Amino acid sequence: MNLKELYQEIILEHGKNPRNLRKTENFNKDAKGNNPLCGDNVHVYLKLNNQRKVEDISFEGSGCAISMASASIMTDLIKGKSDNEAKEIIDDFLGMIKENPELKSTILEEDDKTKLMCLSGVKQYPMRVKCATLSWHTLISAMEDDGKQVSTED
Amino acid sequence: MNIDNIKKEFPIFDEKIQNNDLVYLDSANSSQKPKVVIDRINEFYTKEFSNVGRSIHYLAVAATNLYENTRSSVQKYINAKDKNEIVFTKGATEALNLVANTLGQKYLNEGDEILLTELEHHSNYVPWHYLRKSKNIKINFAEINEEGEIPIENIEKKITPKTKVIAINHLSNVTGAILPIKEITELAHAKDIIVVVDGCQGAPHLKLDVQDLDCDFYAISCHKMYGPTGLGILYGKKKWLEELPPYQGGGGMIKEVKKDRITYGDLPNKYEAGTMATAQVIAFDKSIKFLESIGIENIIKHEKELIEYGQEILKKNNSVKIIGNPKNKGGVISFTIEGVHPHDIATILDEDGVAIRAGHHCCQILHDKLEIPASARASVGVYNTKSDFDQLNESINKCKKIFDLK
Numbered sequence: 001m002n003l004k005e006l007y008q009e010i011i012l013e014h015g016k017n018p019r020n021l022r023k024t025e026n027f028n029k030d031a032k033g034n035n036p037l038c039g040d041n042v043h044v045y046l047k048l049n050n051q052r053k054v055e056d057i058s059f060e061g062s063g064c065a066i067s068m069a070s071a072s073i074m075t076d077l078i079k080g081k082s083d084n085e086a087k088e089i090i091d092d093f094l095g096m097i098k099e100n101p102e103l104k105s106t107i108l109e110e111d112d113k114t115k116l117m118c119l120s121g122v123k124q125y126p127m128r129v130k131c132a133t134l135s136w137h138t139l140i141s142a143m144e145d146d147g148k149q150v151s152t153e154d
Numbered sequence: 001m002n003i004d005n006i007k008k009e010f011p012i013f014d015e016k017i018q019n020n021d022l023v024y025l026d027s028a029n030s031s032q033k034p035k036v037v038i039d040r041i042n043e044f045y046t047k048e049f050s051n052v053g054r055s056i057h058y059l060a061v062a063a064t065n066l067y068e069n070t071r072s073s074v075q076k077y078i079n080a081k082d083k084n085e086i087v088f089t090k091g092a093t094e095a096l097n098l099v100a101n102t103l104g105q106k107y108l109n110e111g112d113e114i115l116l117t118e119l120e121h122h123s124n125y126v127p128w129h130y131l132r133k134s135k136n137i138k139i140n141f142a143e144i145n146e147e148g149e150i151p152i153e154n155i156e157k158k159i160t161p162k163t164k165v166i167a168i169n170h171l172s173n174v175t176g177a178i179l180p181i182k183e184i185t186e187l188a189h190a191k192d193i194i195v196v197v198d199g200c201q202g203a204p205h206l207k208l209d210v211q212d213l214d215c216d217f218y219a220i221s222c223h224k225m226y227g228p229t230g231l232g233i234l235y236g237k238k239k240w241l242e243e244l245p246p247y248q249g250g251g252g253m254i255k256e257v258k259k260d261r262i263t264y265g266d267l268p269n270k271y272e273a274g275t276m277a278t279a280q281v282i283a284f285d286k287s288i289k290f291l292e293s294i295g296i297e298n299i300i301k302h303e304k305e306l307i308e309y310g311q312e313i314l315k316k317n318n319s320v321k322i323i324g325n326p327k328n329k330g331g332v333i334s335f336t337i338e339g340v341h342p343h344d345i346a347t348i349l350d351e352d353g354v355a356i357r358a359g360h361h362c363c364q365i366l367h368d369k370l371e372i373p374a375s376a377r378a379s380v381g382v383y384n385t386k387s388d389f390d391q392l393n394e395s396i397n398k399c400k401k402i403f404d405l406k
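Which chain is which? The protein sequence lines are A and B, in order.
Counted the way this note's numbering counts, the first sequence spans residues 1 to 154.
Counted the way this note's numbering counts, the second sequence spans residues 1 to 406.
These are calculated hints, taken from the structure and not from any lab test.
Since we're looking at a predicted model, the values are computed, not measured.
Quick reminder that beta carbons are idealized off the backbone N, C-alpha and C, glycines included.
A couple of the hints might just be wrong.
Below, simulated PhoX-like cross-link-like pairs (lysine-lysine); rule was C-alpha separation at most 20 Å, straight line [claimed, not checked]: (1) Lys4/A to Lys401/B; (2) Lys398/B to Lys16/A; (3) Lys47/A to Lys23/A; (4) Lys182/B to Lys158/B; (5) Lys315/B to Lys398/B; (6) Lys83/B to Lys237/B; (7) Lys16/A to Lys182/B; (8) Lys289/B to Lys76/B; (9) Lys398/B to Lys4/A; (10) Lys16/A to Lys191/B; (11) Lys138/B to Lys191/B.
Sample of chain A residues lacking proximity to chain B, with all beta carbon distances greater than 12 Å (derived) [said to hold, decoys possible]: (12) Leu3; (13) Thr24; (14) Lys29; (15) Leu108.
Looking at chain B on its own, in the form it has when it is part of the complex (with noise of 0.2 Å):
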């Protein structure tokens, strides 16, 4: 597939957003659909679609097999051992909050530690601050450097006798930072640490290789790859899955129900209860295959090339000032513009059918550390062009003359 042709492959670029040409450059919130995925999803339903795991009839099998077929495609996207390693939930949220509340359950004391970054978004964050409150946990933060990264050693730093769990993301959605999972992993295994991974913004823009990283849990969000809203994935090692406790009780997820006792399935199903976002996980199937036929080393390669001709067109734009500088950056370009608030800029670039994001990305924590209330981010995918950015910056010289800045 011809990266250059790939932007024909999402129908809503065929649409004209208030009369322009659509600039979306909102992917780190959410990415486009391929029209693969979107007739998956219609043709499902069309023809072929039943609940899944429950009945015997012939659509239910069928459906069964392509459920589960979606899960060996990730199995095999991550490079996950197991197949039931592999968790489907409504969201890389559901995935995080799973495993803050079963950790919680059953591995987590008082006075335990947690890790996390001054990078975190929210969702890796609130379900770890649930547990402060019910299970009397502190939580420590490693720093961000000057550059918006957060360094092995900082995390080293603030590593103590009684940290349990370390839990990080693998890109940063505001500075774009990469961090070393690796090397975390090597370190915190090494003291018993367990690694959980916010992979919301790593999955779309890496390769992965769940074994290779080595982590113990890695969530990601099925929309942000070009698939479906309504899908997560938990991938977890089975010695984690096999012995924490199930996350929400109901249909699908036991083996025997009686007055006095109760007995649950076998993984995954005991952590699928109740109907499943089926269509999205059998649609997501083709999302992969579509990532799969452009291949992530062209991926990286087309992204990496963006960011850098986006940074360095918005570096010789005065008053524009990015926000953080990693070496190892990926999918996302955060900026400020002196004089103008970020949903400003976002309102006046709108209007010229470029769409970015404005506010705190849902990470408070970082924006207060910056000491700025709000910022503008630019996010790429697959579908991005260079011009993307020649009209961001068009726009925002436009909100420049409307603010009266020079």
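If we strip away everything but chain A, and leave its shape as in the complex, we get (with noise of 0.2 Å):
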């Protein structure tokens, strides 16, 4: 176990000032996920558009440094991003947090990369991996349109 890998600058960074926390105007996609053992919830608002690219991305909600961190990270990562590139990165992500040591989608930049894998530290602590994935498969609901509300504990 390792805190300093756990809370890096980026981390508390983002978390402290997350990008992106509001709501997008005039969305077309959005859905909320809660964690019902703390209490987190997130709402993530979506804005695709003719051409299905993500013309904007938000999110509200509260929790820990680290979802509060994650999500923010996720919102600027994917905005500008076409749908299918959205799903590549959602994927790439999970993957990596599950079981991959690195991240495998070439259409993130170095620096995008980095600050992704600055989240692996939750791999160490089980019970945060939540804390760090709500956001995203939040994403995947609102993008899916599925209008379900993603729950950690389903």
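Two independent chains are provided; combine them into the complex using the hints.
Written out as structure tokens, the structure reads:
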């Protein structure tokens, strides 16, 4: 266990000053997610344009440093991507948190990969993995427009 | 028994937890177990095991006697009038579900009201919520005051001619407020209202006398009382347990089963369907003996000193905000740190071997009222010492350092 790996500068900074913590005007997709064990919740808003590109993405909610940083980094990276690219990034991130040692996607710049890899510290803290993945699962639900509320305990 | 040496009775404190001495401040969640209780479970399974109340062979009779012996010990410990007023359940949650379900079946009607408080644990709300759906029953909540207490006036205010049940906790698992159960019962009974007490936090920390409290039901969680998991107790006044229908059906709870009719067993069998948590019940006798050997007065005094010390030290720490300030308080200190989410606090404290709880502690109603998503909670048991709070404070300072707080 290593607290320094978990609470890296980038995480603390994004946790304190989350990017895109607001509600997208004219959003056309959204979903809510919650973690019933701790009461954390997140609401992700998306604006997909006619070319299936993420014109804007934002989130509202409250949570720990890990969950806020994860949502913040996620929205930063997904903005401007096509829906297929977004799906690839989501799969890559969830795969890395679950089992893969590295990110595989070629869509992301090295800088962005470094940011995402900062979240890999949660791998050593099984109880905190859900904090890092909640906003990502909620984004999937928003993109699929399935109207389901995401819960970490389903 | 010397309270300073009590920690030695608990083998877990000989263990290193991630290379640290364990500072266990999560007893409101579940207490650690003394060696006598752990050994008793082992001994029963090793030398004395049999199911109870059925077969007539030697082991079965001996096990049944041990099982019933715990019932008598519980009766004595909580000063119930009758041994048959003690029902074993799989936990306090099941005990509360039993009461809500059976009152719903026989006693409550559409439009009746149940009064809870904003301090209730989900297990003393969700079972009543079912009746909202199935019987169209209304639930009201008595409000907390500024100090995180429920003054009796706040209960009185919410009683209407339709109030049939008041279901309240004895000691809040978040603010630590001790509720004036005896006064509430007097008030309620004058209006023919049943009083159900969630005693999960009351039973480990307070002197219990159900006849003095005069409540109709009292639910106990054994694993919070230095006992095994998988076991709870429902105390119910005999008149109610006799009048209400059974909760679950199965073996052991019947008198006679025919193709066209079934008659149910007498108390307490009527409420103990199926094979019970036999080893846990038998080992729980050792938990009671353990509590008796220390003496509840000594426990109350010890824990009061701990909580006062903990509050004093945390109040001096900038950025720590303690939740609630009840005059009559026991067992727990819940707090927040401005700028650090409780989950981050818990993870950082854990690195030093300090075990606390973070979250809403199954009290979302209360956290909504306080307008916070979660809180951190340090709770005590007989084995805690003032140095545990020193370590808590030190680890909180580490937390503040990581998050760059002054």
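To see whether the hints hold, each was checked on the structure:
Proximity of Lys4/A to Lys401/B is assessed by CA-CA distance (about 12 Å); at most 20 Å being required, the pair is judged to hold. The suggested pairing of Lys398/B with Lys16/A holds, with an alpha-carbon distance near 17 Å, which does not exceed 20 Å. A C-alpha spacing of about 11 Å is found between Lys47/A and Lys23/A, which places the hinted pair at or below 20 Å, so the restraint holds. Proximity of Lys182/B to Lys158/B is assessed by CA-CA distance (about 18 Å); at most 20 Å being required, the pair is judged to hold.
With a CA separation close to 17 Å, the supplied pair Lys315/B and Lys398/B stays within the 20 Å bound. In summary, the hint linking Lys83/B to Lys237/B is supported, as the alpha carbons are separated by about 11 Å, within the 20 Å threshold. At most 20 Å may separate the alpha-carbon atoms for a hinted pair to count; Lys16/A and Lys182/B exceed this at roughly 47 Å. Our distance criterion of 20 Å between C-alpha atoms is met by Lys289/B and Lys76/B, whose separation comes to about 11 Å.
With a CA separation close to 12 Å, the supplied pair Lys398/B and Lys4/A stays within the 20 Å bound. A distance of roughly 53 Å separates the Cα atoms of Lys16/A and Lys191/B; the hinted pair therefore is violated under the 20 Å criterion. This hinted pair checks out: Lys138/B and Lys191/B have alpha carbons roughly 18 Å apart, not beyond 20 Å. Listed as outside the interface, Leu3/A is inconsistent with that label: its C-beta sits roughly 5 Å from the nearest C-beta of chain B, within the 12 Å cut-off.
Its beta-carbon lying about 23 Å from the closest one in chain B, Thr24/A satisfies the requirement of being farther than 12 Å from that chain. Once the 12 Å rule is applied to beta carbons, Lys29/A is consistent with being away from chain B; the minimum gap is 25 Å. No beta-carbon of chain B is positioned within 12 Å of the beta-carbon of Leu108/A; the least distance is around 27 Å.
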